[in-house]
Amino acid sequence: AACYTAYCSQKDMPLWKVAAVRREFFYGHECTEMDPKIHDPSNFTYCKNAPSMFFQTPLIAWLVKQNVDTVFVTGCTTSGCVRATIVDAFSFGFRVQVVEDCCGDAEQGPHDDTMRDVGRRYADIVDRTTAERWMRAQAQTVR
5 AACYTAYCSQ KDMPLWKVAA VRREFFYGHE CTEMDPKIHD PSNFTYCKNA PSMFFQTPLI
65 AWLVKQNVDT VFVTGCTTSG CVRATIVDAF SFGFRVQVVE DCCGDAEQGP HDDTMRDVGR
125 RYADIVDRTT AERWMRAQAQ TVR
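Residue numbering for the sequence shown follows the working numbering, starting at 5 and increasing by one per position.
Bear in mind the hints are in silico, worked out from the structure with no lab data behind them. Be a bit skeptical, because a hint or two may be false.
The calculated DSSO-like cross-link candidates involving lysine-lysine, where the alpha carbons are at most 27 angstroms apart (straight line), are [said to hold, decoys possible]:
#1 K52 <-> K41
#2 K21 <-> K52
#3 K69 <-> K52
#4 K15 <-> K52
Distance windows between CB atoms, simulated [said to hold, decoys possible]:
#5 A141 <-> Q14: 25 to 35 angstroms
#6 D105 <-> A143: 13 to 23 angstroms
#7 A23 <-> T145: 24 to 34 angstroms
#8 Q144 <-> A5: 25 to 35 angstroms
#9 P40 <-> S95: 30 to 40 angstroms
#10 C12 <-> F59: 11 to 21 angstroms
The model shown is predicted, which means the values in this text are computed figures rather than measured ones. Glycine residues also receive a C-beta, built at the ideal position from the N, C-alpha and C atoms.
Kindly generate the complete structure, drawing on both the sequences and the hints.
Set out below in structure tokens:
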């Protein structure tokens, strides 16, 4: 599953403290578009409007329907949206894998602090190679 964040207008969005979100995260703005280099159009894709991918979205129903028990979390703001998604995934009972080299933050310190904390509490921290190897192995068992 993949998601993006977008709003129709400022009146539709929560009271984000991040100026760029208030200024740019509107439908049609380039920052809300999925990167065609990594986005698979056949993948389940939806819009979220809060930090967590789970909050008031169809994600949990889709994951249950697919019999998913493990989620891999990646994203742009490790200390914000990524962390919120990790905590919610854990709270819903999923095994959580965070792909550290596919996450980032505005500064390295908050990224490192978040990885250390969620790794102690909620998730396994893995690299992209490990995540890809796990996914390929799972795909083989499903066939």
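Do the hints match the structure? See the list:
The straight-line distance between the Cα atoms of K52 and K41 is roughly 21 angstroms, inside the 27 angstroms bound, and the hint therefore holds. Between K21 and K52 the CA atoms are separated by roughly 17 angstroms; this keeps the pair inside 27 angstroms, and the hint holds. Taking the CA atoms of K69 and K52, the gap is about 19 angstroms. The hint holds against a cut of 27 angstroms. Of the pairs offered as hints, the one joining K15 and K52 holds, with about 16 angstroms between alpha carbons and a cut-off of 27 angstroms not exceeded.
The given range of 25 to 35 angstroms is broken by A141 and Q14, whose C-beta atoms sit roughly 45 angstroms from each other. A C-beta distance of roughly 21 angstroms is found between D105 and A143, which places it inside the suggested range of 13 to 23 angstroms. Distance hint check for A23 and T145: the Cβ-Cβ separation is about 46 angstroms, which falls outside the suggested range of 24 to 34 angstroms. Distance hint check: the CB atoms of Q144 and A5 are about 21 angstroms apart, inconsistent with the given range 25 to 35 angstroms.
For P40 paired with S95, a C-beta distance near 33 angstroms keeps the hint of 30 to 40 angstroms intact. Checked against the hint of 11 to 21 angstroms, the pair C12 and F59 passes, with Cβ atoms roughly 18 angstroms apart.
Hints 5, 7, 8 from the list above are not met by this structure, while the remaining hints are.
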